[in-house]
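Chains A and B supply the protein sequences, listed in that same order.
Be aware that the first sequence starts at 28, since it is given in the working numbering, and climbs by one per residue.
Be aware that the second sequence starts at 28, since it is given in the working numbering, and climbs by one per residue.
Read the hints as simulated data drawn from the structure, not as lab findings.
Accuracy of the hints is not assured; some may be wrong.
For identical chains, the list gives no copy identity; a pair is met inside one copy or between any two copies.
Here are the simulated lysine-lysine pairs, DSSO-like style, with alpha carbons at most 30 Å apart [unchecked claim]:
1) K390 - K151
2) K84 - K305
3) K682 - K373
4) K391 - K466
5) K135 - K305
On a predicted model such as this, the values are computed, not experimentally measured, just so you know.
Number of protein chains: 2
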Amino acid sequence: MIFLRKLFLILAFFCLISLTQAQVNNTFNLMPAPAALKLNSNRIGLDQRFRICVNGKANKRIYDYASRFIRRLSNKTGIFLDKLQYVTVKDSKDISSTLLIKIHRPGKLELGEDESYSLVTNAKQVIVESETDLGAIHALETLLQLLSSDANGYYFPGVEISDKPRFAWRGLLLDVVLHFMPVDVVKRTLDGMAVVKMNVLHLHLSNDQGFRVESKIFPRLQQVASDGIFYTQEEIRDIVRYADERGIRVVPEFVVPAHTTAILTAYPEYASVKRDYKLQRYFGVFDPVMDPTNEKLYPFLEKLFKEMSSLFPDDYFHIGGDENTGKDWENTPHIKSFMQSKGMKKYMDLQTYFNARLLPIIKKTGKIMMGWDEILQPGVPNEVVIQSWRGNESFYGSIKKGHKAILSYGYYIDLIQPASYHYLNDPMPDSVKLTDQEKKNILGGEATMWSEMITPVTVDSRIWPRTAAIAERLWSKQNVNNVDDMYRRLDIVSLHLESVGLQHLTYKDKLMRQLANGYDTKSLEVLVSVLEPLKIYERNEGDTMYTVFSPFTKLADVASPDQKLPRIFKKNVEEFLIQTSPQLEKSIHDELMIWKENDSEFKKLVVNSPVLEEAASLSENLSLIAAAGLESVQYLHDKKIPGETWLAQKMEIIKRAHKQGGRCEIQIIDTVQKLIEKAAGK
Amino acid sequence: MIFLRKLFLILAFFCLISLTQAQVNNTFNLMPAPAALKLNSNRIGLDQRFRICVNGKANKRIYDYASRFIRRLSNKTGIFLDKLQYVTVKDSKDISSTLLIKIHRPGKLELGEDESYSLVTNAKQVIVESETDLGAIHALETLLQLLSSDANGYYFPGVEISDKPRFAWRGLLLDVVLHFMPVDVVKRTLDGMAVVKMNVLHLHLSNDQGFRVESKIFPRLQQVASDGIFYTQEEIRDIVRYADERGIRVVPEFVVPAHTTAILTAYPEYASVKRDYKLQRYFGVFDPVMDPTNEKLYPFLEKLFKEMSSLFPDDYFHIGGDENTGKDWENTPHIKSFMQSKGMKKYMDLQTYFNARLLPIIKKTGKIMMGWDEILQPGVPNEVVIQSWRGNESFYGSIKKGHKAILSYGYYIDLIQPASYHYLNDPMPDSVKLTDQEKKNILGGEATMWSEMITPVTVDSRIWPRTAAIAERLWSKQNVNNVDDMYRRLDIVSLHLESVGLQHLTYKDKLMRQLANGYDTKSLEVLVSVLEPLKIYERNEGDTMYTVFSPFTKLADVASPDQKLPRIFKKNVEEFLIQTSPQLEKSIHDELMIWKENDSEFKKLVVNSPVLEEAASLSENLSLIAAAGLESVQYLHDKKIPGETWLAQKMEIIKRAHKQGGRCEIQIIDTVQKLIEKAAGK
C-alpha cells in the first residue's frame with residue numbers, strides 16, 4: 028500500500044522529532060498515557076538472558092500473562108527467549124531477573140478492583156510493583172509499548188511510571204447478534220482490549236435478529252431463533268476464561284421486553300400480540316414486545332436469566348430495555364385494560380412495572396441489574412445501573428438521580444466518526460457541576476460496536492484503532508487531550524494491535540484484491556485512501572437497504588473510518604494557506620496530481636470488475652476536484668486571482684463532488700474548497 | 028505490495044491471451060481441471076433474480092452448501108442476493124431457477140463414494156446433475172470458479188462439464204501437535220480444501236510435544252501433556268461437523284508406539300524405560316516408546332482409542348507407527364528377554380508384534396487401521412492401509428504386497444519445495460507397471476503439513492496455494508500436467524482461497540510491518556520477494572536451532588515458498604538468452620536495478636529494526652549479484668565479451684551469494700549466473 032507506507036515513514040520521523048514534546052505530555056509512545064511518567068538515563072538491554080521473577084501473593088493470571096509476554100517479546104524482536112526458565116518465583120530482592128514483578132495480593136476481577144501499578148527502570152532491572160496482578164498485567168502492556176531499539180539492539184528505556192485508571196469501567200460493547208462474531212473474533216478483540224487496558228467486554232447477546240447463547244432449558248432459542256449461529260455454553264465459558272486471563276470482565280446483555288423478535292420466534296406465547304414471528308432480517312426498531320401482563324412470562328424469564336447469568340461470573344447483568352415502540356401494548360385490548368386498571372398512563376409506565384417485576388429476579392441470581400437510558404423511569408430504585416446512549420442530559424440526569432452510570436453517548440464507534448470526536452468526549456467534563464458523590468457514580472464508559480454494517484472480516488477495522496483513543500479517555504488524566512499527539516500514538520498502537528492478531532490493517536488488501544478481480548489494485552487503493560463510509564445512520568438508507576444477508580465486501584467496507592491521508596492533506600493545506608513554502612506546495616501539488624490522474628486507470632479496472640461501477644462517479648469527482656485544487660495552487664503560486672466565473676465553476680464542481688457513490692463520501696472536498704476560495708481571494 | 032501488484036497485472040493479461048490454449052487443455056480458469064469441458068455460446072447473467080432449485084433425494088448438506096454458495100456469490104459480486112427465497116425445492120423441470128441442481132440420492136461421507144457431477148449451461152439455466160450431494164458441492168465450487176465478468180456485468184459462461192475425481196482419497200495432513208492450530212485455523216483450512224475438491228483432513232493429534240484431544244477417561248493427557256492447548260471433545264465434534272458439511276472426511280492419527288513422549292509424560296507406567304518424562308520441546312526423532320511387553324498397555328490403548336475413535340465417525344483410524352529408534356527396547360533387559368523368548372531378531376519384529384496386538388483393538392471399534400510405511404513388516408495383514416512417506420519403492424512395495432495405500436512421499440509441503448515439484452509427482456505414473464487390482468489399491472495421496480516451523484500466522488502460506496496443485500494431481504487426469512498452465516491457474520485459485528478466509532496473502536504485510544518496526548516496508552518487500560526459506564530440513568540446523576517456543580515471525584517466515592518473481596525473472600532471462608528483444612532487455616534491466624539499489628534503503632531499515640540484521644548479508648549479496656547481472660546485460664547489449672578476470676570476479680560474487688542469512692536463500696542466483704556465463708561467451 029503505497030500511501031500507507033509513505034505515511035508510516037512520516038509517522039516515524041514525527042515520533043523522533045516530537046519526542047521532547049511527548050515527554051512533556053507524559054505520553055511518550057504510550058497509549059493510554061500513564062498518570063505519571065519520568066524518563067531517566069537507565070537502559071535495560073534485551074537479549075537471551077532475559078528473565079522474569081514474580082514475587083508476592085499473586086495468582087495464576089500473572090504467571091500466564093508473563094509467559095505470553097515473553098512470547099510476544101520474542102515475536103517482536105526475533106530474539107530466542109525459549110531456552111531459559113524464564114518465569115520464576117523468588118524473593119523481592121532478586122537481582123538476577125531482568126524484570127521483577129512484586130504483587131501484594133491476588134486481584135479480584137470485579138468493578139473497582141485496584142488496577143494501579145508502578146514501573147521503574149533502575150540500572151539493572153525493570154521493577155513492577157502493584158497491589159494486585161491486574162495492575163501488573165497493565166504494567167506488562169506498558170512495558171511492551173516501551174520496548175525500543177537502535178543500532179545497538181532492543182532495550183527498555185529508563186522510566187519511572189506511576190499509573191492508575193481514571194475510571195473503573197472501561198468497556199467495549201460487542202454486538203454479536205446483528206452479525207454474529209465467532210469465538211476467534213471475540214478472542215482477538217479481548218487481546219486488543221488488553222493492549223489498551225480496557226477491562227469490560229459487554230456482549231450484546233440477543234435481539235430481533237437472533238438469540239446467540241445455547242440454552243439447555245429453552246433449546247428452541249438456539250434451534251429456532253439463531254439460524255444455527257450461537258455460542259455453546261462451553262464456548263461462553265471459554266470466552267469468559269480467556270477474558271479473565273486478560274483482566275477483563277464479561278457483562279452479558281439480553282434485551283427485554285422489546286427487541287425480542289428472536290425470543291418470541293422460539294416462544295411466541297410470551298408475545299403481546301399473536302403473530303407468525305420470524306427472525307428479523309432488517310435492522311432497526313420493531314414492534315414485537317413481551318407481554319408484561321402474562322404471569323407466565325416471569326417464571327420463564329427467571330429460569331432463562333438464571334441459566335444465562337450462571338455462565339457469566341460478573342456481578343452485572345444487562346437487561347437492555349431500550350427502544351420499545353409501545354405499539355403492541357397500546358393496540359392490544361387486554362394489555363390496555365391492564366394498564367388502565369393499574370392507573371398507567373403511558374406505555375413506559377408498563378415497562379417500569381415490567382422492570383420492577385424483573386429486578387427481584389435478577390437480584391435473586393446475585394446480580395446487579397443494568398439497562399439503557401429508557402429504563403430510568405420514576406420509581407426505578409437507585410441500585411439499577413444506567414448505560415447512557417441518548418446524550419449528556421440523560422447521563423447526568425441519571426447521575427443526579429443517584430444512579431451509578433456509564434457513558435456510551437459519544438462512543439458509538441459504529442457511526443464512523445473520527446477518533447478525535449470520541450477522544451474529546453469526556454465523561455466528567457469541568458462544564459458539568461457535580462458533587463463528589465455524583466462524581467463517584469460515574470463509573471466510566473463503553474464504546475459500542477453495533478454490528479448492522481460489519482462482519483467478522485471488517486469488524487476489526489471498525490473497532491480499531493479508534494477505540495484506543497476512547498480507552499485513553501477512560502484511563503488517562505483529563506488533561507491528556509492533545510489530538511495531534513493522540514493521532515501520533517494511535518498509529519503506533521495500531522501496530523501493537525496488529526501484532527496481537529487484529530486484522531484492521533490486513534483486511535483492506537484482501538477485500539481490494541477481491542474487488543479488483545485479480546487485476547492491479549493500485550487505482551482502487553488511491554481512491555479508497557480518500558473515502559470514508561457514509562457516517563451516522565446514512566449508509567443504510569431508509570433502514571431497508573441492507574439486511575443481515577447483504578454483502579459487506581464492497582467499497583464502503585474497504586473504506587475505513589478516520590482516513591489518515593485526508594487528515595494529513597488538510598493539515599498541509601491549512602499550513603500552506605497560512606504560510607506557503609515550496610516544499611508544502613510541492614507536496615500538495617503531487618498529491619493532487621495522483622488523485623487527478625487516477626480516474627483513467629480506475630475506469631479500466633471498472634470494466635473488469637462490475638462491482639466497482641458504483642464508484643465510477645466518486646472517482647470522476649475526485650479527479651475533477653483534484654484538478655480544481657491544482658488550478659488553485661497554480662493561481663496562488665503565480666499570485667494571480669481568477670475571475671468570478673472560475674470560482675463559480677469550481678464551486679459547482681465542489682457541489683457535485685458531494686454527491687455520494689457506493690455508500691461512501693470523498694474526504695478532501697472541504698480542504699480543496701479552502702484552496703479554491705483562497706485562490707479566488709475569498 | 029508493488030511487486031505482487033505488477034505480477035497480478037501480468038497474470039491478468041496472461042489469462043486473457045492464453046484462453047484459447049487453456050480451452051484446448053480443458054483447464055479454463057479451473058483448478059482442479061475437470062475431466063471433460065466444452066465451451067458453448069450460452070451466457071447466464073447474474074443479477075438479483077438469481078435463484079437455486081434443488082431437486083431429488085438430497086440431504087441437508089446440499090441445502091446448506093447452496094445457501095453458503097449464494098452468500099459467497101453475493102460477496103464476490105456485490106449483488107444483493109438476499110431478498111429472495113433463493114433455495115427452493117421443485118421438480119426437475121423447474122425453469123424459473125437460474126441454477127437447477129438434480130441429485131439422485133444422499134451421499135455417504137466415506138471412501139469411494141460417488142463424487143461425480145455434470146454441469147451444463149443451456150440458454151436459460153445452469154443445470155447440475157450428480158449421483159450424490161457430494162458431487163453437487165464440487166459442482167458449486169466449479170461454478171464459483173467459472174463466474175466471469177465484463178462490462179455488461181457478471182455471468183456464468185456456456186460450458187458442458189462432465190467431471191469426476193481420478194483418486195478417491197485426496198487428503199491434507201494437518202499436524203496440530205508440534206504447533207497447535209486453533210479451531211478457526213482448522214475451519215479455514217477445510218474451506219480451502221473444499222475450494223479445490225479435497226476430501227480428507229488427516230489430523231495428526233499426538234506426538235512427543237503434546238496430546239491434543241480432551242480425554243474424559245484419561246484426563247492427564249490434556250492436563251499434563253498438552254500445555255493446556257488441546258481440542259475439547261465438543262470442538263472435535265464441531266470440526267467433524269464442519270468438515271462433513273463440506274464433504275470432507277476427518278481421519279484422526281494418534282501415533283504409537285514411538286513419538287509418545289506426551290502420552291508417557293501423563294502415564295509413565297506404559298513406557299519402556301523409567302524416566303522423568305517431560306513434554307518434548309525440540310523437534311525430531313526421540314527414544315521414548317511404549318512397552319509392548321506390558322500387558323496393561325493394551326487395555327489402556329483399547330480404552331483410549333475407543334474413546335478417541337468415537338469422536339471421529341470416519342472408517343479409518345491412523346496409528347502412526349513411524350520413526351521408532353528402537354533404543355529403549357534394545358537397551359531394556361526385560362524387553363530384550365521378551366524378544367528373545369519370542370524369537371524376535373530386531374526391534375521392528377517387536378513393533379510388528381505390537382501392531383498385531385493393536386489391530387483387533389482398532390477393529391473392535393469398527394475402524395480400519397492405517398499407519399506409515401514402517402508398520403509394513405512381514406506378517407501385517409492386507410487389511411491395514413499404508414501411508415507412504417519414504418519413497419516410491421516403499422509405496423509400490425506395499426501396493427504389490429496387496430495393501431491399499433496412499434502416497435505422501437513427494438507431497439511434503441513443509442519442505443518448501445515449489446508447486447511444480449509436487450504437481451509432477453504422480454501416484455500412478457506410466458513408468459510403474461501395475462495390475463488393474465494393484466491400481467485399485469492406490470487410493471490417492473495426502474499433502475502433509477508438519478508444523479515444526481509454522482504457527483497459526485504462517486500456516487496458510489505454507490499450505491496454500493501450493494496444495495491446490497497437489498489437489499489437481501489427485502483429482503484431474505494424468506495428462507493435465509502443463510506446469511505453466513498450472514502456475515497460471517494457481518494465481519487465480521489463490522484469490523478464491525483468500526476469499527474463503529485464508530491468510531496466505533495477508534500475513535506477509537502484517538509480519539513485514541512488525542519487522543520494519545513502524546518504518547517504510549518497501550526495501551524489505553523488495554528483498555523478501557526474491558527470498559525463500561531454507562528447504563528440506565536445512566532450516567532447523569542440527570534439529571536443535573528451534574523449539575516449540577521459538578519466534579516464527581522473522582525473515583524466513585515472511586519469505587514464502589515458490590516465489591513468483593524469481594520464477595518470472597528466470598523465464599524472462601531464459602527467453603532473452605535465446606532471443607534478445609529490447610522489451611525483454613528493459614524488463615530484466617529494470618528488475619536488476621531495483622535489486623541493486625535496494626541495499627542502501629534496506630541498511631537504513633536495519634538500523635531501526637535490529638531483528639533484520641540477520642538479513643544484512645543477503646541484501647548486500649542481492650545488490651552485488653544484481654550489479655553483476657547488469658554488467659552482463661550491458662556486455663550482451665554491446666556485443667562485447669569481457670575477459671576471464673571479469674568472469675572470475677563475478678563467479679566469486681555468485682559463490683558468495685550462496686551464503687545464506689536469516690535461514691533464507693536468494694532465488695535469482697542461478698539465473699544471474701546464466702546471464703554472466705552468456706556474457707562471458709560460455
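- Query: Are the CA atoms of K390 and K151 at most 30 Å apart within a copy, between copies, both, or neither?
  - Reply: neither (52 Å within a copy, 63 Å between copies)
- Homo-oligomer pair classification [K466, K391; C-alpha up to 30 Å]: within (29 Å within a copy, 70 Å between copies)
- Please work out whether the CA atoms of K135 and K305 approach to 30 Å or closer within one copy, between two copies, in both situations, or in neither? neither (42 Å within a copy, 33 Å between copies)
- Could you figure out if K682 and K373 sit no more than 30 Å apart (CA to CA) within one copy, between two copies, both or neither? neither (46 Å within a copy, 88 Å between copies)
- Message: If the cut is 30 Å between Cα atoms, do K84 and K305 qualify within a copy, between copies, both or neither?
- Response: between (53 Å within a copy, 28 Å between copies)
Violated hints, in rising order: 1, 3, 5; the structure is consistent with all others.
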